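S.K.: Residue-level listing of the chains:
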Amino acid sequence: MIRKISSYIILLIFIFPIFFLISSSFKNNKDLFALPPKLFFFDIDFSAYERVFGFSNFFKFDPSYSELFLTSRIIDSLIIGLGSSSLTLIIGIYAGYYISRVNFKFKRYLIISILSARMMPLISIAIPIYFVYEKINLLDTYIGIIFVHTFINLPLAVLLLKSFFDEVPKQIDENAYIDGASKIEILHKLVVPCAKSGIAVTFILSLIFSWTEFICALMIGQMKVKTIPVQASILKTIPSWDMMAAFTTISIIPLFILILMVKKHFVRGLTLGTVKE
Amino acid sequence: MTSQKSYSLPSFMNSDSSLPWLLPLITMLIVFAIIPFFYNIYLSFHEFVPAKRALLFVGWDNWIRLFTDGVFWGSLKVSLYYTFMCLVIQLVLGMGIALLIDSDDPGFGIIRSLLTLTLVIPPAIAGMIFLIMEDANYGLIPWLLKSIGLIGPEDTILADPTLALWGVMIVDIWQWTPFMVLILVAGLRSLPSEPFESAVIDGARPFQVFRRLTLPMLHKVIAVAVLIRGIDLWRMVDYVFVLTSGGPGTATYTLSLYSWQRFTFVQWGYGATISLFSLIVILIVGNAFIHFAKVKW
Numbered sequence: 000m001i002r003k004i005s006s007y008i009i010l011l012i013f014i015f016p017i018f019f020l021i022s023s024s025f026k027n028n029k030d031l032f033a034l035p036p037k038l039f040f041f042d043i044d045f046s047a048y049e050r051v052f053g054f055s056n057f058f059k060f061d062p063s064y065s066e067l068f069l070t071s072r073i074i075d076s077l078i079i080g081l082g083s084s085s086l087t088l089i090i091g092i093y094a095g096y097y098i099s100r101v102n103f104k105f106k107r108y109l110i111i112s113i114l115s116a117r118m119m120p121l122i123s124i125a126i127p128i129y130f131v132y133e134k135i136n137l138l139d140t141y142i143g144i145i146f147v148h149t150f151i152n153l154p155l156a157v158l159l160l161k162s163f164f165d166e167v168p169k170q171i172d173e174n175a176y177i178d179g180a181s182k183i184e185i186l187h188k189l190v191v192p193c194a195k196s197g198i199a200v201t202f203i204l205s206l207i208f209s210w211t212e213f214i215c216a217l218m219i220g221q222m223k224v225k226t227i228p229v230q231a232s233i234l235k236t237i238p239s240w241d242m243m244a245a246f247t248t249i250s251i252i253p254l255f256i257l258i259l260m261v262k263k264h265f266v267r268g269l270t271l272g273t274v275k276e
Numbered sequence: 000m001t002s003q004k005s006y007s008l009p010s011f012m013n014s015d016s017s018l019p020w021l022l023p024l025i026t027m028l029i030v031f032a033i034i035p036f037f038y039n040i041y042l043s044f045h046e047f048v049p050a051k052r053a054l055l056f057v058g059w060d061n062w063i064r065l066f067t068d069g070v071f072w073g074s075l076k077v078s079l080y081y082t083f084m085c086l087v088i089q090l091v092l093g094m095g096i097a098l099l100i101d102s103d104d105p106g107f108g109i110i111r112s113l114l115t116l117t118l119v120i121p122p123a124i125a126g127m128i129f130l131i132m133e134d135a136n137y138g139l140i141p142w143l144l145k146s147i148g149l150i151g152p153e154d155t156i157l158a159d160p161t162l163a164l165w166g167v168m169i170v171d172i173w174q175w176t177p178f179m180v181l182i183l184v185a186g187l188r189s190l191p192s193e194p195f196e197s198a199v200i201d202g203a204r205p206f207q208v209f210r211r212l213t214l215p216m217l218h219k220v221i222a223v224a225v226l227i228r229g230i231d232l233w234r235m236v237d238y239v240f241v242l243t244s245g246g247p248g249t250a251t252y253t254l255s256l257y258s259w260q261r262f263t264f265v266q267w268g269y270g271a272t273i274s275l276f277s278l279i280v281i282l283i284v285g286n287a288f289i290h291f292a293k294v295k296w
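Quick note, the sequences are listed as chains A and B, same order.
Here numbering that gives the first Met the number 0 is used: position 169 in the first sequence is 168, and no number is missing along the way.
Here numbering that gives the first Met the number 0 is used: position 242 in the second sequence is 241, and no number is missing along the way.
Don't read these hints as lab results, they were simulated from the structure.
Any given hint could turn out to be false.
Derived contacts from chain A toward chain B, CB cut-off under 10 angstroms, selection only [to be verified]: (1) I142; (2) V167; (3) F213; (4) T247; (5) L271.
Owing to the predicted nature of the structure, the values given are computational and were not obtained by experimental measurement.
Ideal placement from N, C-alpha and C gives every residue a C-beta, glycine not left out.
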């Protein structure tokens, strides 16, 4: 019993900052900075949400004070997240399947390179890519950030998908091969359906890590394209704190739902497929 | 044969050559890892000269500057301290919590699923939450610390050169201790129960069981957790960017942040040199760790 109570206390400590953020988004400016903090009994105030969605000045159209930009930041993050995780998945499925099934000469070196890619400090990618993108006009575009995020998520996707494909019995492949199916048909018709849940997990994890990535999105997105973390870091001054709380609450609730959907495989994803739950 | 048609891909994909399968992956690795690596080397021998508005060859100047720059050594120290301290604290705390919640009771299942929530918050936003919670005037944490008398009434956290780094580390510890907990719990739950039962019958004390049975059986899981967490701690930039931007003074510059800051000051060559240094360190240490800890993929 003591064990259970102490576990729940620890859980509360870890959940508290999230609760603090979400409750802040419903507070008015007076309660927001009250000390001791008003955690439960405060006047619920939706004005921050109204401003995030641009309702408050929707009718008195004033371009100099348009806050509609916050919703467009969520759309930016969605385009980049969905684009890069789809691309990651397509590349990862073929590479992961091949690494899982075939013993080729440089396999060990390929895995080492994939892990080394995972180790790279993002700033050491971002600086050179900034100059390359500047030359080929990819700065401040969706496609530019999508490619970088795809690269960042590829080590996770390839190794995780490999571990899921490893679990599909090789017997299936061999039987189909004897029946005259080509490798690509085996992958599409047999192996992918068998590893459906693994593929879904990979997609969701790539989406989450693209959604949360900061420094590359900051350097490559400039004016037109800003992801949620970049926009949030701009709102860091005290006066816009309630808006920033409302804005980030909207942007992390979908992630909570996604992660609770895949919680069974989450540890496996975090450890690039090595630790199974 | 309609289903056959829907899968009509270019015939080269049917070949037994490895190339078509791995080509996209290898292209991505070359474009975003190999090319940046060599571009960083190129940049580290060049520097933007404002008077001529051009990137000029400067020889070893950037490297000489790197090894004589006090701020660089300071940021290296911060990076090492940050990585090491966070890793140890997260591992110890994580192991403790993991042992506590390793149970079949359904109540603990809820704890395990809710602990995942901190991990999906964008680090920059986690930094924002703590920026407000650590604010000198309105913050919850300074208020708590003041009311129990740990810091004086005029003290601040993020503006204090000695406390600022801990103000950043607390965010990392908050957000990523659950990472360790979840991995270690998964490891603990996959252990066979027989050795533990026989140890209890033989009268082993709980600490002996932990030391002699749990730790050795978990070493692989611990190694993976330390590797991945270590990599991410070393390249961390979001928290310091949001919380302190390296300040006060240069007290919380990490290598990545210092590199970014030099880049924004149009010292492109020097910024690239710092990031290249940080990259080489992690490649050597990381791969040596994988080799010696025998982590297998």
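S.K.: Work down the list of hints and note, for each, if the structure agrees.
M.R.: Taking the hints in turn, this is what the structure says about them:
A distance limit of 10 angstroms between C-beta atoms decides the matter here; for I142 of chain A the minimum to chain B is near 13 angstroms, and the interface restraint is violated. The interface hint given for V167 of chain A is broken, as the beta carbon of that residue sits about 16 angstroms from the closest beta carbon of chain B, more than 10 angstroms. With a least beta-carbon distance of about 5 angstroms to chain B, the hint placing F213 of chain A at the interface is held under the 10 angstroms criterion. For the restraint placing T247 of chain A at the interface with chain B, the shortest Cβ-Cβ distance is roughly 5 angstroms, inside the 10 angstroms limit, so the hint holds.
With a least beta-carbon distance of about 7 angstroms to chain B, the hint placing L271 of chain A at the interface is held under the 10 angstroms criterion.
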